Amino acid sequence: GAVVSQHPSRVICKSGTSVKIECRSLDFQATTMFWYRQFPKQSLMLMATSNEGSKATYEQGVEKDKFLINHASLTLSTLTVTSAHPEDSSFYICSASGGPNNEQFFGPGTRLTVL
Amino acid sequence: AQSVAQPEDQVNVAEGNPLTVKCTYSVSGNPYLFWYVQYPNRGLQFLLKYITGDNLVKGSYGFEAEFNKSQTSFHLKKPSALVSDSALYFCAVRVPGAGTALIFGKGTTLSVSS
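In order, the protein sequences belong to chains C and W.
Under our numbering, the first sequence has 66 at position 66, and the numbering climbs by one with no breaks.
So the mapping is simple: our numbering equals the position in the second sequence, first residue as 1, plus 1000.
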């Protein structure tokens, strides 16, 4: 299957700093990328959907000024957690879809810990 | 509202025994159905999917799932569980015509004992 990478895999930061997470589709062009958030032992919660070259669509309750998403190319989307706080600590997973069946392929996730 | 239900938080089976992880859905139209597995601190790995055709779908690592339209279910099964199957399993649906976003169930932790 197609490969999606995320960087970094783990990040620890101080409260008030901003953190950028990259999501890359390595061997296919992703027309759409998704960002999910997962709390311990819970399901994935869709945060936003982004299409290359256009603004992301955020799910209800997700602050767009807090979670900045940029989908600058067909292989790269970034999620920036601005002014991070401890409650933003979570596991963030991206997925990318493309190809004839528009199947979703998931990245390995990024563990964010805000101190 | 569209939803996916995984009624069991945890399923415990002994190695070598058959396993079933349940999933039911409530969506409009004819959904696409998926199963994913997640190991600790890892992303989701695709197991199998049902789009159309044969109701019994075979996937990775010996898993299979049966689509039952009348019961709106898509239970995951394996004839003989392995300790290495222990993980978190997610059922998901995609509603045709509603974009490519997936709706996930809350997940079921499978624990296989030796």
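Note that these hints are calculated values from the structure, not bench results.
Fair warning: there could be bad hints in the mix.
Covered stretches of chain C (chain W as the covering partner; in silico rule of three or more C-beta atoms under 8 Å from a C-beta of chain W) [unchecked claim]: (1) 29-41; (2) 88-101.
Cross-link-like lysine-lysine pairs, in silico, DSBU-like; alpha carbons within 35 Å at most [said to hold, decoys possible]: (3) W:K1069 with C:K41; (4) W:K1106 with C:K64; (5) W:K1077 with C:K66; (6) W:K1106 with C:K14; (7) W:K1022 with W:K1049; (8) C:K55 with W:K1077; (9) C:K64 with W:K1077; (10) W:K1077 with C:K41; (11) W:K1058 with C:K20; (12) C:K20 with W:K1077; (13) C:K55 with W:K1106; (14) W:K1106 with C:K41; (15) C:K41 with W:K1049; (16) C:K66 with W:K1106.
Since the model is a prediction, treat every value here as computed from it, not as a measurement.
No residue lacks a Cβ here, since even glycine has one placed at the ideal position from N, Cα and C.
Legend entry - Enumerated hints in conflict with the structure, sorted upward: The structure conflicts with hints 5, 8, 9, 11, 12, although it agrees with all the remaining ones.
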